[in-house]
Amino acid sequence: MSSTPSSTTGTAAPSPVADQPPPGPAPEGAQRRSVGNRLGAAPWAELAAPIGLVVLVVVFGILTPTFLTGGNIEAILAASAILVVLAVGQTFVVATSGIDLSVASTMTLGAVVLGQFVVAGTSIYLACLAGIVAAALVGVVNGLLVARGKITDFIVTLATLSAASGLALVIADGKPQPVIDGFLLELAAGGIGPVAWPVLIAVVVAVLAHLVLFHSRFGLRLLATGGSEEAARKTGVHTSRIKIAAYVISGVLAGIAAVLLVARVGAAEPASNTSFLLNSVAAVVLGGVSLFGGRATIIGPVVGAVLLTALVNGLTLVGVSQFYQPLAVGVVVAGAAFLTRFSK
Amino acid sequence: MTAAPTAAGEDLLVARNLTKSFGSVQALKDGSVTVRRGTVTALIGDNGAGKSTLVRCLSGVHAPDSGELLLGGEPVRFTLPEQAQAAGIETVHQDLALVEDLTVWQNLYLTRELTRGIGPVKLLDRRRMRTEAAAMVGSLAVNVPGVTQRVRRLSGGQRQAVSIVRAAHWGTSMVIMDEPTAALGVQETARVEELIRDLRERGLTVLLISHNFEQVLRLADEVWVMRAGRSVAHRHTAGTTGEDLVGLVTGAVAG
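As they're listed, the protein sequences go chains H and E.
Under this note's numbering, residues 42 to 385 are what the first sequence spells out, in order.
Under this note's numbering, residues 1186 to 1440 are what the second sequence spells out, in order.
Honestly, the hints are just simulated from the structure, not real lab data.
Quick caveat, the model's predicted, so the values are computed rather than measured.
Every residue gets a Cβ at the ideal spot worked out from N, C-alpha and C, and that includes glycine.
Incorrect hints may have been included.
[Claimed, not checked] Just some of the chain E residues that point at chain H, by a computed CB distance under 8 Å:
| id | residue |
| --- | --- |
| 1 | Pro1266 |
| 2 | Ala1282 |
| 3 | Leu1287 |
| 4 | Gln1291 |
So that you can see chain E by itself, here it is in the shape it has in the complex (with noise of 0.2 Å):
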């Protein structure tokens, strides 16, 4: 569940120059962030300047045309996600991707199944996963009305606990959260803004997406600025104004 904490402050991931293209579209110019171990780096920009193309590049869901990017150094190429997750890093999709018609604790082990052998046929230990994303979930100290409850039937607020739990538990690395309280409310922001306080406190990195820019000087140490498909500005939160944000994201202040 940690990352190392001994490495604490190195490049952890660093994206230079990425570039994605659909048809002709190009989404993604200049893609460009570098996140350091153990800390929270906030993404910000305006409605499609890129900021979720570049997610997806970084999860494997798209792969990037073009650029480089590096995990601890080393050269890195995903293009499935299933590459991104073994790297260790989770994802927190804007649109969570849970299934709705799975139990929570489906949705936790979906891909990571635990099976028990009898012979070389391999069945599902339903119970070993009940238990444990119960211990998963309770471990967060989040609110889900039991594990073995449809998706379906949770509130946005608990859909959006499952999806970081997820994400949390198996992100080795680094867990990226696209965009996580977009459909919160108060109160809800409130306890999601907890649990990535809580994430850094336990040594993982996160890569925070966000439109909230007091949101993003409250939880995220530094910060990069996208605009129109190009990473224009990084700046540490220390110092930085929610002024001077709105400044790079619209463009009024030159990155």
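Excised from the complex, chain H in its bound form (with noise of 0.2 Å):
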């Protein structure tokens, strides 16, 4: 069947098609694009966070001793925790092909239930369990607009991240409610040695993502749906079922990081965050996620988050005034989507 018929490629059995001449027109050279391939032209999208992550630790290193120091370390990926666990739930709706603008509200919306909660006296695991189903909602309200009523993902997500923040301003009446609680305490302070609960949960999250989305019948069919749904449609995925999922799986984390959030602050806030969401794409863009869908890793976004949060750790370090942070940002995630560039 192939048009380019060449001595290393045959892996069928000798038969009559195998050893006909090579036809006239070769189709744009799967050879040449092969050979492109092993010089590793290929792999740069998926290269920008990890190189990008060794030229801070180096160039930082060099700049300020103190980056470089385990408690530095530590508090770096303590505070890339959050970014980490958003920017995972982002990888699986952005793999369908879809973007969740929404994730950062549907995290302070998380925040404040689980606050008020807190105010009403319930124990603090309900209240965690409570922020947690709570912006596992709106990733419902998110997957049913996106996937039944067939609304473009941008506009839903544009609107629930409105809804979601003004609704976290209502229940908390605009105001922070500070939660002091043992278990969060813990949370936020203690650990397993040097490794603090925080970066625990976001391997363990990401760990577990991995798995979904490369080792299981879901993973597969979202990695499907979001390469080419009508394809997916009509070998019997149900596209609608596995965008909704994505959509709650986003909403589901987006509820473990307020958790993480509110152990992080001591309070719950029913303040914007828009920066969680800014960054949170820009992980998945730096992690060399296609924003067309169809092809992710859990690991980029993974170092991507802790990349972005090394940044802005290293520029307060060396002294930078906070105003160039989001500056340096946008400078990065600019040079990472032109690397994606060389990947097609």
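Could you use the hints to bring the two separately framed chains together as a complex?
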């Protein structure tokens, strides 16, 4: 069947079709492409985040000795945990060729719901669960509107971005609610050895996400849906259910991030958290995940999230005004997007 | 892989008076076709005659508005592709329905993934799927360069082969092919035609949609002709000429 029967590509047993002469116009050099592949032209997108992280560590390591101390590395990782969890959720949605602009607002809503349950005097565990469920419900709404309502993901999640943060303001009456609790204190300050709980949680989330995406039926069908919804549907994939599930996963992870956020801040605040939204998308782009869907990794966005956090940490240590930090993030993301151009 | 050879020749699939409208456009006014077990049946007609709509009704992509569908004598109704698949009907769609970002083996096993269980957790058995996909491709003697390649890297003919291999492997009773050679060159077309003959020799039933009347006469046992959303004629290819088919398709010859 090949129109470029080369001696190296024939996998089939000797057959009447295998020994035909090569046809005239070879389709856009499959061989040339595989050579380019070997030269490393393709994986640039996926390498952007790891390379960027190494460069960053070297540069800041030289600029300030504090950067590479154990304490600071622990601080960077602990500070990355929330973004890692959000970015993993964002990855599931982006892999379906969607986007979840509501992740940060959903996290805010989850945090505020958690705070209200604490105020009402329930157990902290129930409060955490309530926060996660509230965030999951936003994911359900997103999923239903995108998959069943057939409304563009961008518009749907822009609407829930606004709605969830508005709801958080209404519920919290616009005021931050201090949450002082032994469990959350331990979550924020404790850990196993030098590894903080939030870091462990982020690692567990990332490992589970990797298993789900690359080693489960659901993951394969999700990637198929993102790669070509039409083809997936014709092959018998329930693409609507897959999309809904992706938004629910993003919502649940935003809820887990909300628990980590409340523990870290010590309060449930109806703040907008816009930088978490931008950075979650930035981490996914840095991680080499195709915004057109169908191709994704988990490790890429995780490294991307750590990179963005390390960048801000390093700039702060070097003494660069925090006004420059969003600018630096923008430059790094644009640079990563530029690299991905060479992966096509 | 093979349909029961004992029952060769009986009606496997009968569609009667299927209709389908999209808004105010009635794409299919009377889709009727009978496919006998173990044969290659062709469906021809001009662009817009309703061939692809009829095919999509048979493969579960569209649910017909009305009409009757019998499979092995039993009435069936497909509203989802998986229902047709469960009945043993596989389709090589005109667009091939392959996910370019996935590898060949992933496409071959999509929705039929093999898993191995660790307690209640079921993980994909990637190695077994790769091995068996290679065997699947090899059994049809097609030259696909490795099942771990992404479909994006394959040529048009190779993609066609992957889609046909998938349909032939999972289609336990019937394979529908919607213009499988429309986008192919002369050599690749010859290879696909060889595959179709091969499928029939294995006892599979094929419904072939084609624009190429010579191809239809080469491959098919029977021909159904569609015109303006209706099935208008049925012929055995033996004794039928290309001119006859042109006349039927254009309406110069009444069905």
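A quick look at each hint next to the structure:
1. Pro1266: This interface hint holds because 5 Å falls under the 8 Å limit.
2. Ala1282: Holds, because the Cβ-Cβ distance from alanine 1282/E to chain H comes to roughly 4 Å (cut-off 8 Å).
3. Leu1287: Holds: closest Cβ of chain H sits about 6 Å from leucine 1287/E, inside 8 Å.
4. Gln1291: Holds, about 6 Å.
Every hint from the earlier list agrees with this structure, and none is contradicted.
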